[in-house]
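*Asks:* Letter by letter, the chains look like this.
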Amino acid sequence: GQQLNQSPQSMFIQEGEDVSMNCTSSSIFNTWLWYKQDPGEGPVLLIALYKAGELTSNGRLTAQFGITRKDSFLNISASIPSDVGIYFCAGQLSSNTGKLIFGQGTTLQVKP
Amino acid sequence: DGGITQSPKYLFRKEGQNVTLSCEQNLNHDAMYWYRQDPGQGLRLIYYSQIVNDFQKGDIAEGYSVSREKKESFPLTVTSAQKNPTAFYLCASSRTGTGGRTRTQYFGPGTRLTVL
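From first to last, the protein sequence lines stand for chains A and B.
Residue 6 is where the first sequence starts when you use my numbering, and the numbers rise one by one after that.
Residue 586 is where the second sequence starts when you use my numbering, and the numbers rise one by one after that.
Bound conformation, chain B alone:
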């Protein structure tokens, strides 16, 4: 089956620790995105990548880091510098190229991170 997987589904972290969230896709999409969702709010973009070995900051990148060493994978690290890391994290992917049709984003199932 083609799709986007995120692991783990639930993650608990002690304050002051870094933690890495996994995102893998087998849709052969070039672009990948990380979003944060807080209760009652829309999704906010953390980082995005349009091609391997390249990525850009989104609207709320502070306290997060990413890497894009493989087309299929776009892991997100929540560092100890992130002041309020408890949230639901969503990964998405899309094709690239001009035109909105090619850029439609599809989402993974999400990881809920709780800082204890």
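Next up, chain A with everything else stripped away, as it sits in the complex:
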């Protein structure tokens, strides 16, 4: 099936540092979504991107929809302990079905 390659798989950083993660695919997507999941909870939508080249911010988070429509990145600036969790990217192949393809996730740990 379709796959997204998300990297890095895990990160262990110091509080205050900036974080960057990305997703790439061989397929073209018309939507990119970034979710955060806390342990034992459902994913929460952080940022949604709907147009190639789009750059969107949500507080300390910034995400971009790649020009080729095959990649996206998420940056977190000045990390804090509550940023800990698993971050997933998801790409939507077709708006007709709404089906999403998920990356494997990036586990972020922040040391105070």
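Think of the hints as simulated: they come from the structure by calculation, not from any bench.
We put the beta carbon where it would ideally sit given N, CA and C, even for glycine.
Among these hints, one or two may not hold up.
To be verified - Using C-beta positions, here's what the derived DEER-type ranges look like:
{"hint": "1", "chain 1": "A", "residue 1": "Ser31", "chain 2": "B", "residue 2": "Lys642", "range": "22 to 30 Å"}
{"hint": "2", "chain 1": "B", "residue 1": "Lys599", "chain 2": "A", "residue 2": "Thr73", "range": "48 to 56 Å"}
{"hint": "3", "chain 1": "A", "residue 1": "Pro44", "chain 2": "B", "residue 2": "Ala646", "range": "22 to 30 Å"}
{"hint": "4", "chain 1": "A", "residue 1": "Asp43", "chain 2": "B", "residue 2": "Lys599", "range": "27 to 35 Å"}
{"hint": "5", "chain 1": "B", "residue 1": "Pro593", "chain 2": "A", "residue 2": "Val49", "range": "19 to 27 Å"}
{"hint": "6", "chain 1": "B", "residue 1": "Gly601", "chain 2": "A", "residue 2": "Thr73", "range": "28 to 36 Å"}
{"hint": "7", "chain 1": "A", "residue 1": "Val49", "chain 2": "B", "residue 2": "Asn603", "range": "38 to 46 Å"}
We have chain A; now place chain B onto it with these hints.
*Replies:* Coordinates of chain B only, in the frame set by chain A:
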């Protein structure tokens, strides 16, 4: 409050038994989805429904069944045919229509199923 609810939060089942997971939404969304999540992996689509009384298989539908008799509800049954049912199950919903913006999916809190 608008949102998606899943119950129960934790579910234990004996091997060979069927079990049904509940998913309800009051967001007035037409589309609903079921995903399975295993440790260290992304979400995999089990079934999805775009309208009442209609649903389609996702990537890993074997051993699962669903129904969509009401817009608000999309229960998932894990049957005894599912060889490795222990996992975290997530339900999501979205609006329908063309355009990615209308199709953004929102998730429930999940149900952790453990087969004993």
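*Asks:* A range of 27 to 35 Å was offered for this pair. Does it hold for the Cβ distance of Asp43 of chain A and Lys599 of chain B?
*Replies:* holds (30 Å)
*Asks:* Against the range 22 to 30 Å, how does the distance between the Cβ atoms of Pro44 of chain A and Ala646 of chain B compare: consistent or not?
*Replies:* holds (27 Å)
*Asks:* Okay, Pro593 of chain B versus Val49 of chain A on CB: inside 19 to 27 Å?
*Replies:* About 21 Å separates the Cβ atoms of Pro593 of chain B and Val49 of chain A, which means 19 to 27 Å holds.
*Asks:* Confirm or reject the claim that Ser31 of chain A and Lys642 of chain B have a C-beta distance inside 22 to 30 Å.
*Replies:* Holds, at about 23 Å.
*Asks:* Using the beta carbons of Lys599 of chain B and Thr73 of chain A, state whether their distance is inside 48 to 56 Å or not.
*Replies:* About 50 Å separates the Cβ atoms of Lys599 of chain B and Thr73 of chain A, which means 48 to 56 Å holds.
*Asks:* Cβ-Cβ distance between Val49 of chain A and Asn603 of chain B: within 38 to 46 Å?
*Replies:* Since the Cβ atoms of Val49 of chain A and Asn603 of chain B sit about 31 Å apart, the hinted range of 38 to 46 Å is violated.
*Asks:* Is 28 to 36 Å a correct range for the gap between the Cβ atoms of Gly601 of chain B and Thr73 of chain A?
*Replies:* Taking Cβ atoms as reference, Gly601 of chain B and Thr73 of chain A lie about 49 Å apart, which means the hint is violated.
This entry does not satisfy hints 6, 7, going by the numbered hints stated previously.
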